[in-house]
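If you read the sequences in order, they're chains V and P.
So for the first sequence, this note's numbering puts the first residue at 1; every next one is plus one.
So for the second sequence, this note's numbering puts the first residue at 199; every next one is plus one.
Rather than coming from a laboratory, the hints here were simulated on the basis of the structure.
Note that this is a predicted model, so its numbers are computed, not measured.
Mixed in with the good hints there might be a few duds.
[Stated by the list, open to error] Derived CB-CB ranges, DEER-like:
1) MET55(V) - GLY700(P): 16 to 24 Å
2) TRP130(V) - ASN598(P): 26 to 34 Å
3) SER337(P) - PRO143(V): 49 to 57 Å
[To be verified] The list that follows gives simulated cross-link-like pairs (lysine to any residue, SDA-like), each with its CA atoms no further than 25 Å apart:
4) LYS714(P) - VAL172(V)
5) LYS691(P) - ILE161(V)
6) LYS301(P) - SER441(P)
7) LYS188(V) - ALA732(P)
8) LYS103(V) - LEU119(V)
9) LYS88(V) - LEU107(V)
10) LYS691(P) - LEU135(V)
11) LYS567(P) - TYR139(V)
12) LYS691(P) - LYS109(V)
13) LYS501(P) - TYR139(V)
14) LYS714(P) - ASN126(V)
15) LYS691(P) - PRO151(V)
16) LYS9(V) - LEU152(V)
17) LYS567(P) - LEU152(V)
18) LYS354(P) - GLY296(P)
19) LYS740(P) - LEU107(V)
20) LYS714(P) - LEU152(V)
21) LYS691(P) - ALA158(V)
22) LYS88(V) - LYS373(P)
23) LYS188(V) - ASP738(P)
24) LYS501(P) - ALA158(V)
25) LYS691(P) - ARG734(P)
26) LYS691(P) - PHE607(P)
27) LYS691(P) - LEU137(V)
28) LYS714(P) - ILE125(V)
29) LYS88(V) - GLY726(P)
30) LYS373(P) - TRP642(P)
31) LYS567(P) - GLU43(V)
32) LYS88(V) - ARG734(P)
33) LYS613(P) - TYR566(P)
34) LYS82(V) - LYS691(P)
35) LYS501(P) - THR458(P)
36) LYS691(P) - TYR136(V)
37) LYS567(P) - GLU153(V)
The C-beta atom is built at its ideal place from N, Cα and C for all residues, glycine as well.
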Amino acid sequence: MSERIYIFKRFERFWHWSQAVLIITMLVTGFEVHGSYSLFGFEDAVSYHTIAAWMLVSLWVFAIFWHFTTGEWKQYIPTLEKVNAMVKYYATGIFTHAPHPFKQTTLRKHNPLQRLAYLFVLLVINPLIWFSGWLYLFYDVWPDYGLADLPLEWVAVAHVIGAFMMLIFFIVHVYLATAGHTWTSHIKAMITGWEEVE
Amino acid sequence: MKTSKSVIAALLSTSLFLAGLAGAAEQPATTAETDKTVVAKSKRETSTADHSKYEELQKQFKQGQEVTEACIDCHTEAAKQIHKTKHWTWEYTNPKTGQKLGKKNVINNFCTATKTNMTFCAACHIGYGFEDDSFDFASEKNVDCLACHDTTGTYKKYPGLSGHPAYEPYEWPAKSGKFKPAVDLQKVAQNVGKTSRRTCGACHFFGGGGNAVKHGDLDKSLENPSRYLDIHMDKDGLDFTCSTCHSDGKHDVAGSRYHTQASDNKGPLLRGQKDDRNPATCQACHGDTPHEEDERLNTHARKLACQTCHIPEYARSPQLTKMSWDWSTAGKMGEDGKPMKIKASSGMIAYDTKKGDFTYDRYVIPEYKWFNGEVLYTLFGDKVNPDEVVKINDFRGEPNDPGARIWPFKIFRGKQPIDAEKRSLAVFHTAGDDDTAFWQNFDWDKALTTGMKAMGTEYSGKLSFVSTEMSWPITHMVAPKEDALSCAQCHNKNGRMQGIDGIYMPGTDNTPLLDKLFYIIALLALVGVVIHGAIRLINDRKEAE
């Protein structure tokens, strides 16, 4: 028998989906700016990318505030406990509907692999994208900050590496959204807040 | 029957009515046109002197020099000022490189050199009688005031007259049977005024031997340009003349192709500001951060010349400009054994026995390169490598040079004679009535012997042709801002800045190796999750069964 628990609060769901839209927008426009294909045209791609960036910045201000005021930041404290079991589960157990090695609760909503993955996003991918993106965005004032000799190429390459990592995260993340108790239980939870658990 | 008659009558009356309407509509339009011309004229006529009332000018002048003597009676310093300019001396020493330039000294890849051809070339000298080295450069009366200050449009200097206008009817082109009228010097002298696009253009629009030939960004259409062609000279808009920008107030002309300024990182010049800055740069009026709405565009100006974006194409008047000139094929006779001209489908001369092969183009996308203000010419006597393309003038610059910008250029390509033994660009005698002029008998040896002798050396007898390139920085025919380059014209896989060193261009440059690596990883991730999902799906199906 399955039961339902309330995992994702309203703000969290809003944050997740608006961030998803913004990140997809930035991936699509960003790779156009990078020259990978032509879709909106360079000029519009740059505008959309910039607008999305500022929206994401605003969203993050709220998200950071929310995480600290609610204490939800603790959800990302890493643990190695049961990591092996999780790897094993995704490698074999999941195919035979073996019991999930991790019990989801409101206080521990992410499994250990998720925690590590999200922490990697928070500590590696995001800082790389944000820092290089910030520099990129303020290219016009580099000389005022003594950065006149910083090669734009370095910044661009760092930004692109971050973007590719985000793209790969995105692919795996979307797939693993189907790896809940049922194919759609995680997705439903992200929409309604209620997760079906075993 | 009756019906058809009435139909005809109705048709007739209708057409008469329409014709009347058209006539009525025409009337006010013509008046409006006249009004406009009157306004335009009165705007120009700011002078407080009417030269037609001057006693000194109430006489029949026989020669240009007589007019000049009258001019300098009042304008006592004018000729002295002219004497200091390269319009007069045809000589200019580049202060950076020390090279002696000017029309007297440089060899280009059009008509090549002036030395032995002065009776022709002097049609564009602002003097009378510059026939050869014996010309008196100290003479004040030899200064030609009218070439620049005529307002009647009737003062013309034809090749072959050593800088004089036609005092008697003059056959031009030679042997054409067409005669140009003699100039009325009194009328011209009484109607002097400020220089105009037409007076400057009389030489500068026709450089290289014809309209639009040489520069690509200067041609006769600039006498009356539309807004589209030139935002500053627009006859219905700002209506700039050449001297609005190119003036230093002392008869000298600001701005130079011999010593071109690559950039100016200062604000706009104010009226009366004591400054030795060049007033002909874009920045002299606009400053170096003129884009108020988008700081990103100002940032672009740290690497790009203004002209790079604001003159997206040259020769867009749409008069064709010459793109190449191959002297090595000159001298071939037609089937009748006589000199010939072959026209291209454009109607332009593609081959001329006198000159060789030509190509033309219009709406040309410039070639771009870094330029730091240093221009180095290949001069007579400089050793050239016959196996390499010789740069007639080298506009130099590297990405990190102070003041360097990426500039647009017309690159004029040619093939021209060198003295193979001396390994120097050759000077040869082209125009003239004597037996050794190339255009008389098409004999390279004779033409070269005369030309090289005039340069103070001897022709070795060994002729060969070398490929040459001459750079013309594009700076006129500035487009209205809506026609400036859009981002994607450069920020594109095939963008205009491809191959330019020292810049990273989002959209053009990327990181092929890194991209490939990450594409593979992303693809592996995608394939991985698809396989993983497929196995789950198959297992689910099996279980359900």
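Hints versus structure:
Distance hint for MET55(V) and GLY700(P): a CB-CB separation of about 34 Å, inconsistent with the stated range 16 to 24 Å. At roughly 30 Å, the beta carbons of TRP130(V) and ASN598(P) sit within the given window of 26 to 34 Å. In this structure, SER337(P) and PRO143(V) meet the distance hint of 49 to 57 Å, their C-beta atoms being roughly 54 Å apart. Note on LYS714(P) and VAL172(V): the hinted pairing holds, with a Cα-Cα distance of about 19 Å set against a maximum of 25 Å.
Taking the CA atoms of LYS691(P) and ILE161(V), the gap is near 20 Å; set against the 25 Å cutoff, the hint holds. Using a Cα cut-off of 25 Å, the hinted pair LYS301(P) and SER441(P) holds, with the two alpha carbons roughly 21 Å apart. Between the alpha carbons of LYS188(V) and ALA732(P) the distance comes to roughly 21 Å, so the proposed pair stays at or under 25 Å and holds. This hinted pair checks out: LYS103(V) and LEU119(V) have alpha carbons roughly 20 Å apart, not beyond 25 Å.
Between LYS88(V) and LEU107(V), the direct Cα distance comes to roughly 24 Å. Compliance with the 25 Å bound is thereby established for this hinted pair. Distance check on the hinted pair: LYS691(P) and LEU135(V) sit about 24 Å apart at the alpha-carbon level, within 25 Å; holds. Note on LYS567(P) and TYR139(V): the hinted pairing holds, with a Cα-Cα distance of about 23 Å set against a maximum of 25 Å. As the CA atoms of LYS691(P) and LYS109(V) are separated by approximately 45 Å, the hinted pair breaks the 25 Å bound.
Restraint check for LYS501(P) and TYR139(V): satisfied, since their Cα atoms lie roughly 13 Å apart, inside the 25 Å limit. Distance restraint check for LYS714(P) and ASN126(V): the Cα-Cα separation of roughly 22 Å lies within the 25 Å cut-off, and the hinted pair is therefore satisfied. Between LYS691(P) and PRO151(V), the direct Cα distance comes to roughly 20 Å. Compliance with the 25 Å bound is thereby established for this hinted pair. Proposed proximity of LYS9(V) and LEU152(V) is contradicted: the alpha carbons are some 41 Å apart, above 25 Å.
A hinted pair counts as satisfied when its Cα atoms are at most 25 Å apart, and LYS567(P) with LEU152(V) qualifies at roughly 20 Å. Proximity of LYS354(P) to GLY296(P) is assessed by CA-CA distance (about 35 Å); at most 25 Å being required, the pair is judged violated. With a C-alpha separation of about 36 Å, the suggested pair LYS740(P) and LEU107(V) falls outside the 25 Å cut-off, and the hint is violated. For the hint pairing LYS714(P) with LEU152(V), the CA-to-CA distance comes to about 21 Å; that is within 25 Å, so the pair holds.
Simply put, LYS691(P) and ALA158(V) have alpha-carbon atoms about 20 Å apart, close enough for the 25 Å limit, and the pair holds. At most 25 Å may separate the alpha-carbon atoms for a hinted pair to count; LYS88(V) and LYS373(P) exceed this at roughly 99 Å. Among the hinted pairs, LYS188(V) with ASP738(P) is consistent with the structure: their alpha-carbon atoms are about 20 Å apart, no more than 25 Å. With a C-alpha separation of about 23 Å, the suggested pairing of LYS501(P) with ALA158(V) holds against the 25 Å cut-off.
Straight-line distance between C-alpha atoms of LYS691(P) and ARG734(P) comes to about 42 Å, which puts the hinted pair past the 25 Å bound. A hinted pair counts as satisfied when its Cα atoms are at most 25 Å apart, and LYS691(P) with PHE607(P) qualifies at roughly 22 Å. Between LYS691(P) and LEU137(V) the alpha-carbon distance is near 22 Å, which keeps this suggested pair within the 25 Å criterion. Restraint check: the Cα-Cα separation between LYS714(P) and ILE125(V) comes to about 19 Å, which is no more than 25 Å; the hinted pair holds.
A distance of roughly 16 Å separates the Cα atoms of LYS88(V) and GLY726(P); the hinted pair therefore holds under the 25 Å criterion. Annotation: proposed proximity of LYS373(P) to TRP642(P) holds, straight-line Cα distance about 23 Å (limit 25 Å). The hinted pair formed by LYS567(P) and GLU43(V) meets the criterion: a straight-line CA distance of about 24 Å does not exceed 25 Å. Taken as a hint, the LYS88(V) and ARG734(P) pair is honoured in the structure, with Cα atoms around 15 Å apart against an allowance of 25 Å.
Under the criterion of a C-alpha separation no larger than 25 Å, the hint pairing LYS613(P) with TYR566(P) is consistent with the structure, at around 22 Å. Annotation: proposed proximity of LYS82(V) to LYS691(P) is violated, straight-line Cα distance about 48 Å (limit 25 Å). The suggested pairing of LYS501(P) with THR458(P) holds, with an alpha-carbon distance near 17 Å, which does not exceed 25 Å. Taking the CA atoms of LYS691(P) and TYR136(V), the gap is near 20 Å; set against the 25 Å cutoff, the hint holds.
The suggested pairing of LYS567(P) with GLU153(V) holds, with an alpha-carbon distance near 20 Å, which does not exceed 25 Å.
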